[in-house]
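Engineer: My request is simple: use the sequences and hints to build the entire structure.
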Amino acid sequence: MNFDFSEDLKLFADGLAKGLAAACTLADVRQCVVDGRFHAPSWQFLVDMGVPALALPESDGGAHLGMLPLALAAQAIGHALVPVPSFSSLYAFTNALMLADAAEAALWRHRISDGAVLGCVCLSVPQSLTFDGGYISGTSAPVLDGDCADCAIVLARGKNRTFVSVLVPLSDSGVRRERLASVDPSRPLSRLHFDRAPAILIGDEALIEHTRDAASVLLAFEQVGAATRALDITRDYVLQRETFGRVVGSYQAVKHRMAEMWCAIELAKAHSLYAAWALDSRSLDLPLAARSANAAASEAFRFAARECLQLHGGIGFTFEGNPQLFYRRSRLYSSLLGSPFDARAQIAARLMVGERPLN
Amino acid sequence: MDFSDTPSDAAFRSRARAWLEAHAPKRGAGRTFKDDMDLLRAARGWQAAKADAGFAAITLPKKYGGGGGTAIEQVIYRQEEARFDTPFGVYEIGLGMCIPTLIEIGSDALKERYARPAICGKEIWCQLFSEPSAGSDLAALRTRAELVDGSWRVNGQKLWSTGAQFSDFGLLLARTDLNAPKHAGLTMFIIDMKAAGVEVRPIKQMTGEAEFNEVFFSDAIIPDDHRLTVPGGGWKGAMTTLMFERLNVGADIGLIDTLGLLDLLGTDAFADDLARDLLARWYLNDRGLKLLGYRAVTGLAKGQMPGPEQSITKLYLGRQAQEMADFVLDQRREYGALTGKDLGDWSAIERAWSFGAAMRIAGGTDEILRNIIAERVLGLPSEPRADKGVR
Chain S
1 MNFDFSEDLK LFADGLAKGL AAACTLADVR QCVVDGRFHA PSWQFLVDMG VPALALPESD
61 GGAHLGMLPL ALAAQAIGHA LVPVPSFSSL YAFTNALMLA DAAEAALWRH RISDGAVLGC
121 VCLSVPQSLT FDGGYISGTS APVLDGDCAD CAIVLARGKN RTFVSVLVPL SDSGVRRERL
181 ASVDPSRPLS RLHFDRAPAI LIGDEALIEH TRDAASVLLA FEQVGAATRA LDITRDYVLQ
241 RETFGRVVGS YQAVKHRMAE MWCAIELAKA HSLYAAWALD SRSLDLPLAA RSANAAASEA
301 FRFAARECLQ LHGGIGFTFE GNPQLFYRRS RLYSSLLGSP FDARAQIAAR LMVGERPLN
Chain X
360 MDFSDTPSDA AFRSRARAWL EAHAPKRGAG RTFKDDMDLL RAARGWQAAK ADAGFAAITL
420 PKKYGGGGGT AIEQVIYRQE EARFDTPFGV YEIGLGMCIP TLIEIGSDAL KERYARPAIC
480 GKEIWCQLFS EPSAGSDLAA LRTRAELVDG SWRVNGQKLW STGAQFSDFG LLLARTDLNA
540 PKHAGLTMFI IDMKAAGVEV RPIKQMTGEA EFNEVFFSDA IIPDDHRLTV PGGGWKGAMT
600 TLMFERLNVG ADIGLIDTLG LLDLLGTDAF ADDLARDLLA RWYLNDRGLK LLGYRAVTGL
660 AKGQMPGPEQ SITKLYLGRQ AQEMADFVLD QRREYGALTG KDLGDWSAIE RAWSFGAAMR
720 IAGGTDEILR NIIAERVLGL PSEPRADKGV R
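Line by line, the protein sequences are chains S and X.
Every letter in the first sequence is one number past the one before it in our numbering, and letter 27, counting from 1, is 27.
If you count the second sequence from 1, you need to add 359 to reach our numbering.
Hints were generated in silico from the structure; no laboratory data involved.
All values reported here derive from a predicted model rather than from experimental measurement.
Careful, some of the hints might be misleading.
Here are the computed lysine to aspartate or glutamate pairs in the EDC-like style, where the Cα-Cα straight-line distance is at most 16 Å [stated by the list, open to error]:
id, chain 1, residue 1, chain 2, residue 2
1, X, Lys661, S, Glu7
2, X, Lys673, S, Glu260
3, X, Lys649, S, Glu7
4, X, Lys553, X, Glu573
5, S, Lys18, S, Asp48
6, X, Lys481, X, Asp411
7, X, Lys422, X, Asp411
8, X, Lys649, X, Glu668
9, X, Lys661, S, Asp4
10, X, Lys470, X, Glu482
Structural biologist: Now the structure itself:
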């Protein structure tokens with residue numbers, strides 16, 4: 001039994017965490033909320049550290065290190081709360097491309113490996129989104145980083161009521177981007193309108209299914225990292241803030257709330273770790289483990305953010321306070337793959353037909 | 360990452376499994392015992408058989424009758440035994456806490472005398488820590504031990520002592536110095552439960568059973584060579600006992616889990632979205648705790664001792680058992696208020712309802728466990744102590 005990351009990987013993650021903490025403070029995150037865009041210096045740091053190439057095959061300019069380093073990178077990204085195209089480009093787009101055989105896909109793998117381009121994904125299919133004869137038409141659901149991505153992987157309706165996964169370069173004149181109001185403007189959402197935009201078929205529905213699972217797992221690590229940071233800043237605050245002649249953190253109501261935050265995070269971390277193993281080792285457990293990690297980490301991050309805000313008192317509700325940054329991000333992140341309620345419904349359905357984890 | 364056993368652990372597991380298959384019945388509906396005597400007879404026989412095979416007290420040294428094995432082997436054996444129906448509730452406290460403490464801090468003569476008979480099941484042990492006014496605040500205990508003519512004379516009362524009614528010896532924490540600050544005035548002893556001046560009175564529980572007791576001491580005498588710590592060193596001894604308690608990683612607590620509930624009720628009970636949501640929430644807790652157990656075993660394999668973070672399991676499972684019981688009983692509508700034979704074949708649910716409540720109190724209440732996590736793990740200030748420096 002060895003249920004842990006290797007010491008080498010932990011060292012690598014420590015380095016990333018230190019670099020990101022230096023590259024982006026919570027004040028910088030707030031500025032990104034004001035500006036409505038991601039934090040370019042942090043993304044550049046991740047590119048310089050080779051993060052986009054970690055999981056990609058060597059033939060496409062990647063480091064071929066599997067999913068575990070990427071999981072730890074996600075946790076470091078979360079802990080720094082840096083607004084970067086992580087879910088869209090690093091987790092989902094990358095994993096979708098890795099399943100695609102088309103020559104175009106190899107080209108895009110090369111391009112994202114050195115951070116030259118960004119990708120995004122559209123994982124749910126509105127009624128109108130159709131693919132026919134090499135062209136895609138219709139309007140997407142809200143897409144993270146749809147404003148700045150160079151390419152999208154989209155689940156669309158093909159012929160005969162089947163679903164297909166297609167690759168759509170977003171520079172085409174048949175693509176129009178409509179910026180939507182994101183609850184976390186540092187992580188912008190957009191609607192993509194396709195009007196007979198050229199698209200390349202790269203797979204069936206299974207490709208997107210696996211992409212969802214992989215992205216769930218990696219996002220769960222980012223959520224765990226961010227929840228941990230919410231607990232950290234809460235701890236710093238309650239140890240410094242005094243009422244009635246005592247620090248707030250000495251009151252049992254506060255201590256117990258924070259103990260509950262810690263418990264929720266520990267459980268989410270354990271689910272995420274197992275899901276990372278399932279992803280990296282291509283285990284049959286992945287669908288159940290990925291949904292478990294998604295539900296546990298979404299709830300843990302939301303709970304941590306909610307109580308972080310509460311335990312900061314009035315300052316927690318101000319724009320100048322830091323808790324709002326976590327509150328916004330946790331709301332956004334639990335919507336990216338549907339909802340924790342959906343994830344739990346799918347978990348229950350699997351359990352009810354007799355599915356059980358292998359380990 | 361790797362979930363399989365090392366070759367030597369795998370060999371141990373198959374040896375344990377083969378032995379269990381040859382000697383214990385497969386787990387079924389759960390065996391019931393007529394009374395304490397019936398349980399004791401079965402437990403004694405089972406413990407002796409385990410000791411012969413080297414599966415009793417796996418981590419304790421061979422020279423005292425233990426298995427001389429590793430903490431991982433103990434976990435593996437526990438996982439395997441959980442699939443069989445074996446008598447439970449007689450030796451766990453003695454072999455999980457008292458005897459490991461004795462071997463860690465006792466004199467050679469005491470270890471020679473007491474370890475082997477306990478491991479073989481000939482002698483039963485209980486823990487004598489809590490008192491009427493010292494539960495969560497253990498160091499407030501008042502039972503006195505005074506040195507009189509080279510022996511210790513004990514007076515006072517203990518409470519919630521599980522198994523004391525059939526125990527031969529007890530691990531006793533008593534106050535030996537009234538002038539020292541409260542944590543520094545305690546000493547740990549071994550006491551003969553059959554000695555004059557020791558009286559055990561079973562306490563009837565909410566469930567009607569009597570697993571724990573009050574123990575009264577009136578001028579009970581303990582020879583000085585049965586003192587386990589230096590006078591005043593009892594708190595450190597108690598912390599050693601607590602450390603061994605935490606090593607019970609993966610111990611079966613006998614409450615129904617989510618997948619057990621699903622098997623019991625069938626899928627019809629989870630027909631609507633909200634019921635399915637509860638099922639998934641409970642599963643996520645159970646499964647997460649199991650995975651945290653894997654983390655603890657990984658730590659053990661690297662030689663790390665389990666820390667206060669182990670409390671998380673107890674924090675979730677007691678409350679969850681209560682919730683599950685209410686879920687099932689609510690579905691029975693007017694019939695949900697019946698018990699025993701009138702409730703029908705739902706003993707596991709009734710047990711979850713009653714022992715879920717007990718679990719949230721025994722071995723550290725939910726409230727104390729949250730304090731421990733907040734203080735030891737998160738580094739928040741300790742509770743204000745009105746008793747600081749109190750003698």
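Engineer: Give a verdict on every hint.
Structural biologist: Evaluated hints:
no.	hint	verdict
1	X/Lys661 - S/Glu7	holds, 12 Å
2	X/Lys673 - S/Glu260	holds, 13 Å
3	X/Lys649 - S/Glu7	violated, 23 Å
4	X/Lys553 - X/Glu573	holds, 15 Å
5	S/Lys18 - S/Asp48	holds, 14 Å
6	X/Lys481 - X/Asp411	holds, 13 Å
7	X/Lys422 - X/Asp411	holds, 13 Å
8	X/Lys649 - X/Glu668	holds, 14 Å
9	X/Lys661 - S/Asp4	holds, 11 Å
10	X/Lys470 - X/Glu482	holds, 14 Å
Of the numbered hints stated above, the single one contradicted by the structure is hint 3.
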